[in-house]
Structure formats: structure tokens, C-alpha cells
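**Q** For reference, the chains in residue letters:
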Amino acid sequence: MSPRDDRARFSALLEPELPRLYRLALRLTGTRVDAEDLLQDVLLKAWPMLDELEALDQPGPWLARVLYHRFVDERRRFARRRLRIVDEAELPAQRIDALADSGDDLHDYVRREQLALLEQAIESLAESQRLVLLMHDVEGYTLPEIHSITGEALGTLKSRLHRARRRLRELLPELAGDGTIS
Amino acid sequence: MDHETTTRCTALDERLDDYVDGGLTADERLALDTHLAGCASCRLRLERERELRALLTDYRAATPAPAEGFLAAAVARAARQGRREQRRRWLGAASGALIAASLALWLVGAPPLSQAPAPGLPGITMTVAEPHTLRLLFDSGSALADARLTVELPPGVALAGFPGRREVSWHTSLEAGRNLLPLTLVAMDGAGGELLARLEHGGAERTFRLQITTRTHDAKETT
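Chains as they are written, first to last, in our numbering: chain A, 199 to 380; chain B, 75 to 297.
If you're looking for bench data, these hints aren't it; they were derived computationally from the structure. Heads up, some of the hints might be wrong.
As the list claims (entries may be wrong) - Part of the chain A face toward chain B, derived, beta carbon under 8 Å:
hint, residue
1, Phe208
2, Leu212
3, Glu234
4, Leu242
5, Pro246
6, Tyr307
7, Val308
8, Glu311
9, Gln312
10, Arg361
11, Arg365
12, Leu366
13, Glu368
14, Leu369
Being a predicted model, the structure only gives us computed values, none of them experimental. By construction, the Cβ of each residue, glycine as well, lies at the ideal position given by its N, Cα and C atoms.
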């Protein structure tokens, strides 16, 4: 197999997984620069595992597990790097920019306001609750997948998810059934 | 609100996540559906929960994408660095193979390590300043774990990867079976001399000697 073929296989296998993996990195590290570093580390670890990854039904959870444990191992480094001046666009309150326009300015305005409130509520959760909520309800990983990624017991994860949702409901009591903040 | 209704409202409280996630049995779901049909308060709670889930899904869509071109560039970097790392490992393995390579020529046809060394002094001829790779066959009847090999070089002959070293030692484990291994030497001058390889394993020691003859492109051979 030529190097070019390896590169093509690597790209074909990983590229569909990268957007979700990048978002997970962003949620863990908190800044774009660190997310990019973390994802790059994971790709470097994945390269020699190409044959093994191709044998998996879904490489996504494997990649997420590598990313998660890399983050845990390097948590202090990322924490130190958080103590620096960051671009304003990287700050949590500025992240709600990518929502596609619906064509209805008022609807988009209300939705962005809701998302900003949601983000504040998510940021206020305990870290362990925030992580499982983001992975499950936002990124769509199943609980067994999150178990495989983090190594946490299924029952613990389910309980944290339940508590995280309950806390969000408490923090967002004005969320009405018609999709607006009253 | 009667006692039964209150109980079922509590049941929805407890099972709301499972209800929305689709984690209930058909019977459990039917029981809650029946309750929901008659309880406006719980219907509102369910609607709010679904709205919250929809908002969480939108939150994913609202997450900023990486810088343009980053993902493709990251894959390209990983491939590039991965190949470099692969080459480095191969070179590392080749250096490790030097140990076994030196042993190979020594042990081919030789008696077991605990016995007396086989006589004979093989030799090679090298051209000054040109790398010379010995391709040595090592056929060991059994694995040799934690052996120590020392190679002593004559003045003016260098072992690739160890410039300026007259003596190089390694710890290694050798596998049973046949091994064809390279040992790359470079003659720096025309003096030539004797290469000595010493294997120590399990308290036993064996020494192998190889006569190196060198020549320049134009000059006649020297030893």
C-alpha cells in the first residue's frame, strides 16, 4: 500500500468523525486553540492504528475515548493555558454564532437568546454533569458509548444525566412549551 | 387533584427522561400516555422537556466550526508526522537489529553458547568511505532473553549510528529461528583491523572476531 493510499484511507475513515470530535474537544478544553491541539494529538495517535480503526464498525467512540483520556492526562496543561488572554470570539458567551438563519429575524433573535441562556445554564453545571449532558443530549453519544469513552459506570452516567437535566429545568423555568422564553 | 393523579404525576417526574428517550416498555408508556391525556400540567411539562431537548440539539448546530481548512490540514499533518515517526521507529529497530546481526555470523553453525567457540576467522573487504552492510544469517535453536552484546571496532572503522565509538554494547532478546540482519560499517581510513563481538548470556560468554580488510578506490588491500 503506497503512502498516498494510506493517506486516502485515513482521510476517508476519519473525516466524517472530525466535526463531532472537534466539538467534543472544544467542550472539554473551552478554547478553539486548545481544541485544535487536542484533536491534532488524537489524529497523530490514530495514524498508526489505521488498520485497527478500519476493522471497527464505528471509529467515532474509539477516537472520542482517545481524545477524552488525552484531555484528562493533559488537563493541567490545558488548565494552565486557559489562564491567558484569549480571543473574545473564544469566550463562552460569544459562541452562539453558527446557528443557521431561518429567514425569520425575530425567530432567530429569540433562538439565539434562548441558546445564550442555555449556555449559561450549562456552564453552571458541575463538570461531571455538564460533560455527560453535552455528550449525550448535544452530541448524541449513547450512554453505553459514553461509558466506553470515559470508563464511568453506566448507572453513574445515567444518574448524572438525570441530575443535569433537572438542574437545567430549574435554571430555565421560563422555557415555555411553545418554544419561546416568556 | 386526587391521590391517584398525584401519584401518576410523580411517576412522570421520575420517568420523564426515559419517556422522552424512548426507554420505557410499551406498558409503561401506555400508562403514562393515559395519564398525559387527562393531565394538562404534565402535558406542559412534557412539552417543555421536548423544547429543552430541541434547544440542546440546536446548541450543537450553533457551536462554532473549526477554522476553515483546519480539519483537512490536521489530517495531512497527522499523515506526514505519522510517516516520519514510522521511519524513525524502523531506524530504531534497525539499530536494535545490529546486535542480532553481529551475533548472526558468529552463531551460524556454531555450537550452543555454553560450549567452546567454533574456530575460524571470517573476513570482509571494505572500500574506504563507503558504507558496507554485512548481511548476516542468525539461526538460533532457542530464544536468548536478556543477552548482552558488545562490539569492538578497529580504529578507523565506524558502526553506522554510533560515530566515534570504538565500543558499543546493547542488551537484547533474540528470537529463536532464522534472522537475516544488516550491520552497516564505514571504514574511515585504510588501516583495517579486527572487529570483535562478545556475547554474554546466562553467565556464559562468547567472542567472535571478524577480519576487516580495507582498500581505497585505487590502492591495494590492507589489513
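**Q** None of the hints should be skipped; say for each whether it holds.
**A** Structure-based check of each hint:
no., hint, verdict
1, Phe208, "6 Å, holds"
2, Leu212, "6 Å, holds"
3, Glu234, "6 Å, holds"
4, Leu242, "5 Å, holds"
5, Pro246, "6 Å, holds"
6, Tyr307, "13 Å, violated"
7, Val308, "11 Å, violated"
8, Glu311, "11 Å, violated"
9, Gln312, "6 Å, holds"
10, Arg361, "10 Å, violated"
11, Arg365, "11 Å, violated"
12, Leu366, "6 Å, holds"
13, Glu368, "11 Å, violated"
14, Leu369, "10 Å, violated"
This entry does not satisfy hints 6, 7, 8, 10, 11, 13, 14, going by the numbered hints stated previously.
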